[in-house]
Structure formats: structure tokens, C-alpha cells
Amino acid sequence: MPDDMASARDEAERLFLGREDVVGVALSRRVSPEIVVFLKTGLPEIAAEIRKWGEKTGVDVSVKVTGSFRSAS
Amino acid sequence: MKAILKKPAQFELRRHRAEELLNVLTARFLQFPQRAKMIGKIVDENASFFLPKSREEAVPVAGLALREAAAGQAARITIFTTDPNVTLSSKLQARFADFEVKIEERHTGFFKLCLQGGDSVGYGVSGGATGTLGCVVKDSALDEYALSCNHVIANENSGTVHQDEVWSPGSKNGGTNADRIGLLNDFEMVRLGGILTNEMDAAIAKLDTNGGAVSQIRTVGTVAGLDSNPGYNSRVQKQGYRTKHTTGELTFKNMSLLLPFAGGNALFVNQYGLVSDQMGVFADTGDSGALVLNMRNEAVGLIMAVAGTGEIAAANPIDPVLKRFGVSF
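In order, the protein sequences belong to chains A and B. Just so you know, we're using the working numbering here: the first sequence kicks off at 181 and counts up by one. Just so you know, we're using the working numbering here: the second sequence kicks off at 571 and counts up by one.
Note that these hints are calculated values from the structure, not bench results. Careful: at least some of the hints might be erroneous.
[Unchecked claim] Computed footprint of chain A on chain B; a stretch qualifies when at least three of its residues, placed anywhere within it, have a C-beta under 8 Å from a C-beta of chain A:
1) 752-761
2) 825-837
[Said to hold, decoys possible] Among the chain A residues that face chain B by a calculated CB cut under 8 Å, a handful are:
3) L197
4) E200
5) V216
6) S248
7) A252
Computed from a prediction, not measured in an experiment: that's the story for all the values here. All C-beta atoms, glycine included, are put in the ideal place defined by N, C-alpha and C.
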């Protein structure tokens, strides 16, 4: 995983985590390195903003609707 | 010569009688009424002993065994009782005097499965949070601890160390104060508010009896060490109390997530995200605290949370957890 991906992930976390509908940010490497932003419901406005940020920065970013995280007990 | 042959024959006869009586008592106390039907003759002859009793009334007995007090001595029957106030031996001795077998009793309480990773564990109050025991861990003095989550055994930051009980099974799985396994010993405070970061949701309970637990995980076996830097998409497994043994992939690293606690959101960073590679989920409610291992049985993480869709389970990397409490497998 290139260092710039880790930096980009940190930037995505700073920009999006805590915003409405955003519940998590992570790195993944299913095929190639990418940033994944987890959304509670998939709010179109925030999903579009995340994709736009990816295009602008040249970083592979995807959104994934996961619902809210909850303690597993 | 005759006398030499006679003694072993008597010895064998007594052992045979002891075994026969053990079967009768096992049927009466542990298997009634199913087994009692199989030895109908003895049941008929002792109808008042067998028939008026219900299965529930047989509870004071946890087990029975044959014992020879010393080499060459006649076998005797030991009854393991669950109640120190119950005395059965003299009554049984009188009822089954024909067998000429000595009967003794020993108070043991009910037998339990040895505590292992994957068992249910919980905060020791009625209705207390319940999850999974990750594994028994040891400190440098070889004292044993149960490892699980703060939100499972430390009541989401509000537990009192050296005072609050931990039960196995946890209350939501039928546990009561009779199922105490130890006291909350230490926990990492989860910082709330969503700004300060957390790396773990973990706690340990000091077990009441050293040596009574097993440093193994059900189904999985012995923990073979640590994998402090698992690769992306590496295969992993866990044994949770709710969903039992599942396998999956470590799909996400450097995962940050917001997790709602009773006092507000908690921001967790540097977490692992795990996805099932089978039908169903990798983990679910009741699996918090389960240890995640790679397929070489090296510990990777501690299950903490699941996504609302169930698709992703979040786990704390295990290495910082072990270092925080100064324990190892």
C-alpha cells in the first residue's frame, strides 16, 4: 500500500468522518489499493461529494452502505 | 492354593456388585426415567425409591464414580453432590445393603466444562452485557485472566475493578451469580465524543482459580502465537458464542469507525474490517470479545462491532491489546 494512499485515507477521514451519514473510513486492496467510505444509508449528496473528491485528487475511492456500526454484544 | 484363588474371585465379585449398583444409582440420579426402564427388575424391587421421584428431585447429585481407596481394596461408590447439606450415603447404604458395597459422598457442586475461548461471558449482574470470552491469557506471574471487550465485561467504562463479577455464561445466556468466574481486573477506558481516538475496546477479568481454565479456543484449538501485521485479504477465523466458528477475509485495514456507546459516539481508529467468505456473517451480536486468528491459529484481533448490514465485523488489532494489559497466550 503506497504511503500516499495512507495519507489520502487520513485526508478522507478528516474531510468526511462525522459528516451526516458517514460512519467509517478504511483502506482496502480487493483488486488495487482504494479508500472505502462507509455510509449509514447511502445519502446521494455525500456519496457524490466523496466520488468528486476522489476524481479531484486522483485517488481510487468507493462508498459502501453498511448501516451504523454497533457493538457486537 | 484354593485360598489364593478364592480371594481374587471375591474381589472380582465385589467389583461386579459395585459396578451393578453404580448403574442403578446412575439411573436413579442422572438418567431417570429413561435408563431406569432398562433395569426394570431393580426398579420394580425398589419402586418407592425410584418411582415417586421426579427428574428435578434428583438434582443434588452431580456425578457418581467407582473408587478403590487403596490398591487391592474393594471398590466403593463415590457420589458427587451439589448440595453440602444433602446426605445420601447412609440411606443408600441401608437400602442397597444386599450389594455389600460401601457408599461415600463428596460435595463437588455441579461439574462445568473447562473455560475456553469462544464461551459466553458477561458483566456479572442480572441482564448484564453478554459476549464472548476471547481467550484465557496469562501475565508474567502466570496468573490467568479472561480477555474480552470493555463493553462486555466492564459495563462500558462503568465497571469497578477488583469488585465487579464476571460470569460465564453471561446473564443473557442464562448465567447467574453461581457462574462467577472471576472479578473485573482492568479495562481500557473508551473515550467518548467522537473526537478523541480509541484503539481498543478491551478488558480482562482475573479468574478465581488458576489452572481451572484452558488457554484454547473451542473448535480452533491452541493459539499458536501472534500475527501483528496480517496482509490484506488474508483468511481469518473466529469462534464466537453467537455465530460459533466462521471464516472470512481481512478486507479492510486502517479502518476508522464511529461506534455508539451509552454515553455517546466513540471514534475507533486502526481497526480491522472482516468479511465472511461463507454464506452468512463473520460475526454478530453476542460475538464481541471473540479472538480473530489467521488460518495458522495466530491471533490477529478481538471482535468489537458489526456493521448494521452485518456485512463487516470490526476487530481491534490484538498486539496493542496484549501489551496494554501485560498478558500473553
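Hints versus structure:
1. Counting residues of the region 752-761 of chain B whose CB falls under 8 Å from any CB of chain A gives 0; the rule of at least 3 is not met.
2. Taking a C-beta to C-beta cut-off of 8 Å, the region 825-837 of chain B contributes 8 residues in contact with chain A, enough for the three needed, and the coverage statement holds.
3. Proximity of L197 of chain A to chain B holds as hinted, the smallest CB-CB distance being about 6 Å (cut-off 8 Å).
4. The beta carbon of E200 of chain A is not positioned within 8 Å of any beta carbon in chain B (closest approach about 12 Å), and the interface hint is therefore violated.
5. Because the closest C-beta pair between V216 of chain A and chain B is about 7 Å apart, less than 8 Å, the hint holds.
6. Annotation: S248 of chain A was flagged as interfacial toward chain B, and the flag holds, the nearest CB pair being 5 Å apart, inside 8 Å.
7. With its C-beta approaching chain B no nearer than about 4 Å, A252 of chain A sits inside the 8 Å limit, and its interface hint holds.
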